[in-house]
Amino acid sequence: MVTNIKDNRLEIKIGENITVSWVQDKLDQMRELIDKNNSYDQIVLDMKGVDTIDSVGVNLIIALNKTANQISKGFKVTGLNGKVMNL
1 MVTNIKDNRL EIKIGENITV SWVQDKLDQM RELIDKNNSY DQIVLDMKGV DTIDSVGVNL
61 IIALNKTANQ ISKGFKVTGL NGKVMNL
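In the working numbering, the protein residues as written are 1 to 87.
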């Protein structure tokens, strides 16, 4: 996972499959990034390179969207491949 703030966007580049073990490993890091930085207007989740996502991964995306709404930030998912997008 790679992150940066660019053009008022917090960009989170996943680059690997999102499964229960990945979420367990990265969730606290993602929360910290969202909470400690306020210099962005939108959270962008870049899914390029994600070939597999399980139900926990889908719930993570839903939770990130809800969090963005709660803190008045936009939320966008980019880079979905056809297989993941069909979920």
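Since the hints were made in silico from the structure, they are not lab data.
Built from N, CA and C at the ideal position, the CB exists for glycine as well.
Hints may contain errors.
[What the hints assert, rightly or not] 20 Å max Cα-Cα, derived EDC-like pairs, lysine to aspartate or glutamate:
hint: 1; residue 1: LYS73; residue 2: ASP25
hint: 2; residue 1: LYS48; residue 2: GLU11
hint: 3; residue 1: LYS6; residue 2: ASP54
hint: 4; residue 1: LYS66; residue 2: GLU32
hint: 5; residue 1: LYS26; residue 2: ASP7
hint: 6; residue 1: LYS6; residue 2: GLU32
hint: 7; residue 1: LYS73; residue 2: ASP35
hint: 8; residue 1: LYS26; residue 2: GLU11
hint: 9; residue 1: LYS13; residue 2: ASP35
[What the hints assert, rightly or not] Computed Cβ-Cβ distance ranges for the label pairs, DEER-style:
hint: 10; residue 1: VAL58; residue 2: ASP28; range: 18 to 28 Å
hint: 11; residue 1: GLY82; residue 2: ASN38; range: 32 to 42 Å
hint: 12; residue 1: SER55; residue 2: ASP7; range: 25 to 35 Å
hint: 13; residue 1: LEU80; residue 2: LEU27; range: 13 to 23 Å
hint: 14; residue 1: ASP35; residue 2: GLY82; range: 16 to 26 Å
hint: 15; residue 1: ASN81; residue 2: ASN38; range: 15 to 25 Å
hint: 16; residue 1: SER21; residue 2: SER72; range: 29 to 39 Å
Hints broken by the structure, by number, lowest first? Result: hints 1, 3, 5, 14, 15 break, sorted rising.
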